[in-house]
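Colleague: As a plain string of letters, each chain reads:
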Amino acid sequence: MKPFSYHRASDAAQAVARAAELPGARFIAGGTNLLDLMKLGIEAPAHLIDVNGLGLDQITETPAGGLRIGTLVSNTALSADDRVRRDYPLLTRAIAAGASGQLRNKATTGGNLLQRTRCPYFYDTAMPCNKRLPGSGCAASTPGAVTRPLGVIGTSQACLATHPSDMAVALRALDAEVGTLSADGARREIPLESFHRLPGAMPEHDTVLRPGELITHVTLPAPVGGRQLYHKVRDRASYAFALVSVALILQPDGTGRVALGGVAPKPWRRPEADAALPRGAGAVMERLLEGARPLSGNAFKIPLATRTLAALLKEAA
Amino acid sequence: MMDFDQPAGDSRIDLSRILGQPATRIDGPLKVSGAARYAYEQHDVLEGQKVGYPVLATIARGRITAMRTTAAAAMPGVIGIVTAPEVGKMPKPFAFNVAPLFGGDEVVHYHQAIAVVVADSFEEARAAAARVEVDYAGETGGFDLHGLWPERREDARDPVARVGDFEAAFAAAPVRLDHDYSTPAHSHAMMEPHATLAHWQDGRLTVWTSNQMVEWARTGLASTFGLSEDQVRVISPYVGGGFGTKLVLRADAILAAQAARRLGCPVKVALPRPAVMNNTSHRAATLQRIRIGAEADGRITAIAHTALSNTLPGGRGENAVDQSRWFYAGAHRLFVHHLGEMHLPESNAMRAPGEAPGLMALEIAMDEMAEKLRMDPVAFRIRNDTQVSPEDPDKPFSDRHFSECLTRGAEAFGWSDRPLRPGSRRDGDWMLGWGVAGAYRGGPAMTSGARLRLQPSGRLLVETSMTDIGTGSYTILAQTAAEVLGLPLEAVEVRLGDSDLPASAGSGGQWGAASATAGVYAAGLALRTEIARRLGVNDADTLVFEAGTVRGSDGARSLADLAAEGEIVAEDAIRFGDFRKRQIVATFGAHFVELGVHALTGEIRLRRMLAVCDAGRILNPVTARSQVIGGMVMGVGAALMEEAAIDTGRGFFPAHDLAGYEVPVHADIPVQEVIFLDTADASATPLKAKGVGELGLCGVAAAIANALYNATGVRVRDYPLTLEHYLDELPA
Ligand SMILES: Cc1cc2nc3c(=O)[nH]c(=O)nc-3n(C[C@H](O)[C@H](O)[C@H](O)COP(=O)(O)OP(=O)(O)OC[C@H]3O[C@@H](n4cnc5c(N)ncnc54)[C@H](O)[C@@H]3O)c2cc1C
Ligand code: SF4
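Going down the list, the protein sequences come from chains A and B. Going by the working numbering, the first sequence opens with residue 287, and the numbers climb by one from there. Going by the working numbering, the second sequence opens with residue -18, and the numbers climb by one from there.
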């Protein structure tokens, strides 16, 4: 681990000001992802700005009838919140499907959105990896590589990896927005749809956040109702990243929304696929996964996604 | 030395009061409270301990052409760097080590240790290690076993065993099976990574380490560093799991000892978790072919098992065919074991080496064969059970109750109610399946010694180099000593894992419990003899040891009283005679499983598991059950998820942690039941006991594969049984 300086900020303005003063600074919240990556030499920030003292740990109601979730609300607290359980059960279910109880106690809302990929080659600093070291190549795309955990759609030649968050898949289906603050005082409300990037030629950028930009909160629009289900398929019954996960919101009239995890560099949703919901799982996936480029080891993710959605539709009916 | 040179007769052990009782683990409270000090936590045994962090090769094969350490050496806290080229080639520590652990410029596998950076703190050592720069001249190598298989599967020129005329008998058999099976490489994935603290003083080396075999480790260190064995002391009181990867020395010990010697200070080295997968050892992947021919009545007439496994040149691979030689009858037999030389990291022993992957294949084949014969798979196995070696009718099994395992299990599991047709039973969207498989594992025993010291306080110390790798050695050895000396369990204290103590069998191959209790039994008899001598009694057997007293014709005296003048010490060891080799001493079991497969998503959820074990006298039903259910959990892993996937282009295992290499979690494990048959194998040990630690794993994965078939009608012959193997064949 490279030596770093450590700073505690006491409010959001101070945190972003500090970040602007200290090039190469990173925010640290629960530390469940960033610290692991620092110990492994994958991330090497020169400065850490601890945001746990910012007071952004409340869930409040918005004038629009939704919820504003402070970035420091833990995954445990968010999934257990009565309003979330009642009005956004999809979010509760998705969070509970992720990590372990201990990790969710530490993991924060903003940190969860910014967790990095679980591509095995990203974790070995001896391997070429465009996401870790831009321009070094992609170890996962050479013959003989282990490709089972990688993505099937939205990937690029430069990077084949997925985004591992479960929470983000639910937030995508719920049309959440990410609220940020920059050192110049600018605030943005970024729709989750455009928050995570596709890798293209620059897989090192997972999101559209700018250096030093702080996530302050996530906003949920007014509840949309319907049956809300999240199902995560993995090789063991718990405590594993998704092979495929499916978020479904199904309205009584058969319309609804579908988002996928485990298949793409971002939570995967398409309006034209949502529109196909009344015609069943096959019709949805035809649109949702159109243009997929599965790899030798992960082509099964496509039928698996279809089958998992079919199971959810059956359960929701 | 006590020679065990004929089967045990009736003895007081048959009437045991403490042995065989369900005592809970003596070391349990220490472990759950953190008071048990593991190798890396020996903070107070020495002043001035420094921390070493390994530098690992990042090519699979080749040569180091340059190593630049100046920048690393200038990092804060760094005390020194020891590099493999500067140390030069070192002798291989032990016959069972395959890859070099350290020294020289040749790289034979990915993440081979090539330097160790020593600093004041772990963090400083790790930061500096990241700054060591290495240039290599890489070479290509063979990394894909599948390329060798088409040729090897046909090649029977050099069989392990051949009896009768397999080819002719197979061709003539009315019912035949011929299929290929595969098992992937497995990682031991034990909880405690390898770790060692090394210290030199006056030319003597002491290591606190995590090792299953204290004597082997001592021999290995002595030969590596050119010392005599009495110049080396190995201390390994607690081992946080080993599963075979800690049978022999690994790089942590060599790096720590090398650095401590060169830098003149105690050095400790733990392998970081990401190093465990490629730096240490793994269970080889196997490709297997099984052919079985049978008469219409279910009698096997011909059986052949061929397997190929990966190994570095000079290694032994994974012999997946041996259990098939002894498990089922059949006159015409052929067994072939091919080594596929590959340049992957070292494959070596892992829990039930050979049997675990061998039975994963064989016990699917038996299920398939039963189906072809329209027989109950339980009945088919019973039909082919044998009491003598299938290769030699004059060689009996010492004590074999395999059929009883099957019938007891079938009864307890309600097997008669099983779904007869695959895919015929449902619970909503869950397709239910039941499966059975047989288990076989040898019952080895090795020389083992102990010293017993009766204290003036009346307490008894038991000292042996035996290890407790989480298995319960502390507890069963205390029970053995208490039994023989007629003491309450609380009066016995057990000291383990130190090469200064009497040499023991160590822990491996499920020989530990049987051998080490026999060693303590021998020492116990020696102590009884010594006590008798002090009482002026010729025959210790005329004395009654009971409730802390010894009673003879002259009345009773307390043991404390006898030792009041000074401790009474006796030492002995057990040696196992050749008569054992004229029979087959082995353990047997049957596994039953019920599971559900989601008809849409293909997810598998186990519903219940049952194991019935025939393993001789059960020394402690609590610790034995824990061993068996732990084995069953490992079997669930092998069936459903465990795979050390190979990057066949680069020649390494890319999964470096327990998120990438999955083992079962609690949510994967259903109700587990274990039944021990009430057996006692007089040829096994004086206590008539055999091991169970590996038996519990054997056959489990095949029972699950068979249940998957019964649930879905899809036969999967490649492990792990992940859903891509059968998803497309499930109902839409
Ligand atoms: C073993 C294991 C298993 C896991 N399994 C799952 C799983 O199944 N599903 C799943 O979804 N997740 C899983 N996770 C990931 C876990 O959810 C994340 O580690 C966690 O959500 C990260 O939150 P944190 O607060 O700890 O983030 P940190 O580690 O503190 O930070 C993560 C990143 O976010 C940045 N950051 C944090 N807060 C802010 C902010 N306010 N503004 C700007 N940047 C910020 C940091 O700079 C850093 O780059 C697992 C993690 C582990 C270790
Ligand atoms: S897939 Fe992406 S994360 Fe994985 S090695 Fe390639 S560039 Fe790196």
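Everything labelled a hint here was simulated from the structure, so no lab data went into it. Even glycine gets a Cβ: it sits at the ideal position worked out from N, Cα and C. One or more hints might be untrue.
[Said to hold, decoys possible] Derived CB-CB ranges, DEER-like: (1) B/Val646 with A/Asp461: 41 to 51 Å; (2) B/His647 with A/Gln300: 53 to 63 Å; (3) B/Asp159 with A/Gly577: 57 to 67 Å; (4) A/Glu558 with B/Gly409: 48 to 58 Å; (5) B/Glu135 with A/Gly430: 24 to 34 Å; (6) B/Asp709 with A/Lys325: 40 to 50 Å; (7) B/Arg18 with A/Glu601: 46 to 56 Å.
[What the hints assert, rightly or not] Among the chain A residues that face chain B by a calculated CB cut under 8 Å, a handful are: (8) Lys288; (9) Pro429; (10) Ala508.
[What the hints assert, rightly or not] Among the chain B residues that face chain A by a calculated CB cut under 7 Å, a handful are: (11) Ser370; (12) Ala648; (13) Pro651.
Colleague: Take the hints in turn and mark each one as holding or not.
Modeller: Each hint, compared with the structure:
1. B/Val646 with A/Asp461: 41 to 51 Å: Taking Cβ atoms as reference, valine 646 of chain B and aspartate 461 of chain A lie about 33 Å apart, which means the hint is violated.
2. B/His647 with A/Gln300: 53 to 63 Å: The hint (53 to 63 Å, Cβ to Cβ) is violated, given that histidine 647 of chain B and glutamine 300 of chain A are roughly 43 Å apart.
3. B/Asp159 with A/Gly577: 57 to 67 Å: 43 Å, violated
4. A/Glu558 with B/Gly409: 48 to 58 Å: 32 Å, violated
5. B/Glu135 with A/Gly430: 24 to 34 Å: 26 Å, holds
6. B/Asp709 with A/Lys325: 40 to 50 Å: Roughly 41 Å apart at Cβ, these two residues keep to the hinted range, so it holds.
7. B/Arg18 with A/Glu601: 46 to 56 Å: 51 Å, holds
8. Lys288: 6 Å, holds
9. Pro429: 5 Å, holds
10. Ala508: 32 Å, violated
11. Ser370: Serine 370 of chain B check fails; min Cβ-Cβ to chain A is 40 Å, beyond 7 Å.
12. Ala648: Holds, about 4 Å.
13. Pro651: Nearest chain A Cβ about 10 Å off; hint violated.
Of the hints listed earlier, those the structure fails to meet are numbers 1, 2, 3, 4, 10, 11 and 13, in rising order.
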